[in-house]
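Engineer: So the protein sequences, as listed, match chains A and B. So the number in my numbering is just where the residue sits in the first sequence, counting from 1, plus 4. So the number in my numbering is just where the residue sits in the second sequence, counting from 1, plus 29.
Rather than coming from a laboratory, the hints here were simulated on the basis of the structure. Each hint should be verified, as a subset may be incorrect.
[Said to hold, decoys possible] What follows is a set of in silico ranges between Cβ atoms, one per label pair, in the way DEER data are often shown:
no., chain 1, residue 1, chain 2, residue 2, range
1, A, I58, B, M185, 29 to 35 Å
2, B, P285, A, I93, 34 to 40 Å
3, A, P30, B, P50, 46 to 52 Å
4, A, V402, B, L173, 35 to 41 Å
5, A, G357, B, N57, 37 to 43 Å
6, A, P30, B, L531, 44 to 50 Å
[To be verified] EDC-like cross-link-like pairs, simulated, lysine to aspartate or glutamate; straight-line CA separation at most 20 Å:
no., chain 1, residue 1, chain 2, residue 2
7, B, K45, B, D568
8, A, K170, A, E141
9, A, K154, B, E469
10, B, K540, B, E469
11, B, K572, A, E37
12, B, K583, B, E598
[Said to hold, decoys possible] Now the stretches of chain A that chain B is said to cover, found in silico as 3 or more residues with beta-carbon under 8 Å:
no., region
13, 61–69
14, 145–154
15, 157–164
16, 333–339
Since this is a predicted model, take the numbers as computed values, not measurements. Built from N, CA and C at the ideal position, the CB exists for glycine as well.
The residues making up each chain are set out below.
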Amino acid sequence: MTTISADHAHGHDDDGHGHDHHGHHPAQAHHFESMEQQFESGKLGMWVFLATEILMFGGLFCAYSIYRGLNPDVFLFAHKALDTKMGAINTAVLLASSFTMAWGVLAISRGKPKLCLLMLVLTFIGGCGFMGIKTKEYYDKYTHAFVPGKANAFYNVGGAYTNPEKLQEGVGYIQYKQGHGDDHHGDDHGAHGGDHSEDDAEHGDAEHENDGHAAEAAEGGHHGDDAHDAGKASPAGVEAAEDTAHAAAVPAAPPPSVWPPKPVDHANIKTPANAAPATHPNFTRQAEEVADVSAVESLYKGAAKAQAQAGHAHYPGSPAELDPLSGERTHIFFQIYFIMTGLHGLHVLIGMGVLLWVAWLVAPHAWRMFVLASAPATVGLYFLIAGYLMGPVVWMLVFGGLCLAAAVAMVVMGLGKLDDDRPGAFSPEYYTPVEIGGLYWHLVDLIWIFLFPLLYLIH
Amino acid sequence: MTTLTQPGVHTDLIGKPVTDPNRETFWNASKGWASWAFTLDHKRIAVMYLIGVLAAFFLGGTMAIVLRTMLLTNSDVVAGGLGKGPTAVNFYNQAFTIHGAVMVFMFIIPAIPAVIGNMVLPMQVGAIDVAFPRLNLMSFYCWLVGALFFLAVLVMGGLDTGWTFYTPYSIRTSTAATAAVLGAFILGFSSILTGVNFVATVHMMRPEGQGWFKLPLLLWALYSTAVIQILATPVLAITLLLVAAERILGVGIFDPALGGDPVLFQHFFWFYSHPAVYIMVLPGLGVISEIISVFSRKHIFGYKFIAFSSLAIALFGFIVWGHHMFTSGQSWLLNAIFSLLTMSVAIPSAVKVFNWLATMYRGRIRLDTPMLYGMGFIWLFTIGGLTGLFLAALNTDIHFHDTYFVVAHFHYVMVGSTLFAFIGGLYYWWPKMFGKMYDEKWGRIGAWVVFIGFNLTFFIQFLAGSRGMPRRYANYPDEYQVYHHISTLGSYVLTIGLFIVLFNWIHSIRKGRPAPANPWGANSMEWQSLSPPPHLNFDTPPKVGDPYNFDGWKYDPDIDAYVMRDDYEEIMAKGQH
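Construct the entire structure; sequences and hints are all you get.
Structural biologist: See below:
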């Protein structure tokens, strides 16, 4: 400290911060001696904070490693539920946004606020893209009962699966995905809410028929008994058909799994309270009791395709093929997936808020309302698109419309301020928020760079 | 105490009375509740933290007295209005849980860094404030919100998991464990923000001439603490989030019934909570380094050893967490490794103790109140540390695990050390903080009563524990009754001592003699400002020197304080002696 002059002692306001210094940059806080010290302090603080973030995610990575190390087959099996293509696109989107972020920091450090603003907006759009794709992914997971918590398809209490019909959906979907092979990652289920892609159609149909199928089963169709009850004999006709099926199917080596085409009789699924280990749903056993494989194929083209392409023998086909204890842990893969990506998504959202705040500061005053308007505009578009695809859901559409209206109002207000010629807050002398906001964004990117291979690309 | 010629006034660095009745201090620099609620002044934040942590200490202490009173009797006979029926036992479980959780998360962890650290750290580097004043305020509000969560726990059905939230019980219990883990999560943020601030301040705000080895040792300790706060707390944060997710969603990562692993929780929890033990005790070690040197009127012995031992404790603290799981089914190999690593912590701890003793050797020791706490600290820290070795050794730990031996051990370290350092440190910096001297006689009486009460309470627990008295039990066989009687009696004595301390402080604020700038003749920079300091800490820039070279100050009996010699700068330039 060189001097503590009188204006220090008397010039302070309530909080004592933010008063003027002669010859000092207006952005320099009173407790720093120079802009450089302030800038370096901010950067150091941010780096230290990033260390805490890494350690927080480190706990999750540690949990991930332990469960994957203990149950590699579970992770191999369950990760097929994820959509590699979407994940890859999101990785690219985030990488690109990190690039624009870095460009923005460079721009402001060279005194180009407008270029910086453009880059921040591009980065923000990247964040929107990421969250949009992530929403799509989550929604797809949701349609196949891959959800966090107790409603998960593989949820298992004390050795008994608690959501049998969801379990069918989940296993069927994963087997279907396996059938599509690695090079088709993600092609298979473009969208379920609205746009059925060509490739998706067959799977989508299979699903829809699944619904109808339950009704068929109720009519007493080609399968009647409960395959989960190991001791129960199949009707004679079924057994006969089964022989045929075996002959017709893959005679040399039995397929690793066959998706049973029948709804489970829930009454016979043991609830956690009275469940015993011997009553685990056993899909391999079910497969042997399947009455008519051709019927299966017609109903479950996807699953049948999985069977036909069962060259991927290193993927366990169903929880039943896993180690008995591992099978109980299949849901934990999804719990970890949702906690990790959910926490990461939360960080992306916070990062987008930071970006908006920084962009608002960078922008000349005449443009600030437009920057601000992008917040309700983004939220509004998000709800409009999601609301349309998911239903349509009326309240989401209304809310989205209101947000868009607010954005339009803000734009109109902004048009009235176009003559405000004050420049933005940052200059090459002072752009700490851009710098540390950028550091935060890069960290968010970096965490995803780890999450993507760990969750999506397991081999 | 000397008769003072100028008793009623503050004095400045050279002993001149400060006569301006309107002198600006951080207390009167601005007025109104908003000037406190939105203050960015590290000193005001320290004062708010002080009030907060003392309230938390009162709450936790009340629970301690309640459970000690319940333990007076081992029968169903009503003791202190509390019987031992099922309700009473439930209440007992809640009492020790609230006691532990409040004391750990709301009192001991923030106590020294957030009160003494906030008050002193920026001034010891001659700065106007910490690097990030807004974060500092946010840290206080995080503490406040977390504390409110814990208060909500009290009215929402209590908490009976123990402060460690062990799974799977913490997932199943019907008490308000979700609110409690979220509260601890938020309190963790408060701790992290303080740590970030201190690291940045120590790195960036030091004045020219104050190299790392001219920092007061308190700053080395606070810096090491901040490193732990930054690197360990986030792991607790994610652990507690997972527990909350288990309770709310049922994700099952720690629940064996769902395929999860409860020992994983213990690993996660202790990966934070063992280093957190050093969050609690390291700042205390720093405070004691200051007090011992100043009140021995002698340069600290082995400065660099003490400085690096703080860092060493912080780093070793990260690799010993497994010793909490010696009986949790950990492999023998891990047990052996953790046992060995745990013992290594004894080395830097002992380095400190030996250096303090060497500092006192042939010093001119002043047995003022802070020094009494300092010496009490050395005594209790040594006992607490050495009994830690019993628990680090595998064979003895199998016997001592979850007995009162463990309880006594960590109370010697947490209370005997940290609380003593906290009280001693508050006495030491009290004149600087409040601008008033306290009553020395009652300060010393209080120190003795606290010391005796503490040892009475906890030393006997070593004996009870080594004879098999398990911790956390509301009831016990007859043969343990005598231990519990003595321990409970001691806890009452301790309470009386602590109230003497409290009344002495209150009396000081109301009636205390105005404090001189430097009552103790210390040479760290905060003493070069008036007591209490102005809003911006210093009216003239403080002079940088060796913080343990006391030659630049001379005792002035007229004001019972030290004044700066005219040739201060030459003495500092010349170095020690």
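Engineer: Run the distance test for A:K154 versus B:E469: straight-line Cα separation, threshold 20 Å.
Structural biologist: Measuring from Cα to Cα gives roughly 63 Å; hence the hint is violated.
Engineer: Going straight from one Cα to the other, do B:K540 and B:E469 come out at no more than 20 Å?
Structural biologist: Distance ~13 Å between B:K540 and B:E469 Cα, so the pair holds.
Engineer: Can you confirm whether chain B covers the region 157–164 of chain A, using C-beta to C-beta distances below 8 Å and requiring at least three such residues?
Structural biologist: Answer holds; 4 residues pass the 8 Å Cβ test.
Engineer: Using the C-beta atoms of A:I58 and B:M185, is the stated range 29 to 35 Å upheld?
Structural biologist: The hinted range 29 to 35 Å holds for A:I58 and B:M185, with Cβ atoms some 34 Å apart.
Engineer: Kindly confirm whether 34 to 40 Å is satisfied by the beta carbon distance between B:P285 and A:I93.
Structural biologist: Given range 34 to 40 Å: holds, Cβ gap about 38 Å.
Engineer: Counting residues of the region 333–339 of chain A with a beta carbon closer than 8 Å to any beta carbon of chain B, are there 3 or more?
Structural biologist: holds (count 4)
Engineer: Does the structure keep B:K45 and B:D568 at a Cα separation of 20 Å or less?
Structural biologist: Given pair B:K45, B:D568 holds - Cα atoms ~15 Å apart, limit 20 Å.
Engineer: Would you say the C-beta atoms of A:P30 and B:L531 sit inside 44 to 50 Å of each other?
Structural biologist: Cβ of A:P30 to Cβ of B:L531: about 46 Å, so the range 44 to 50 Å holds.
Engineer: Counting residues of the region 61–69 of chain A whose CB is closer than 8 Å to a CB in chain B, do you get three or more?
Structural biologist: Coverage by chain B holds here, the residue count being 6 at a Cβ distance below 8 Å.
Engineer: Run the distance test for A:K170 versus A:E141: straight-line Cα separation, threshold 20 Å.
Structural biologist: holds (18 Å)
Engineer: Taking the Cβ atom of A:P30 and the Cβ atom of B:P50, is their distance within the range 46 to 52 Å?
Structural biologist: Violated: the Cβ-Cβ distance is about 35 Å, outside 46 to 52 Å.
Engineer: Holds or violated: 35 to 41 Å for the Cβ distance of A:V402 and B:L173?
Structural biologist: Given range 35 to 41 Å: holds, Cβ gap about 38 Å.
Taken one by one, the earlier hints fail for this structure at numbers 3, 9, listed in ascending order.
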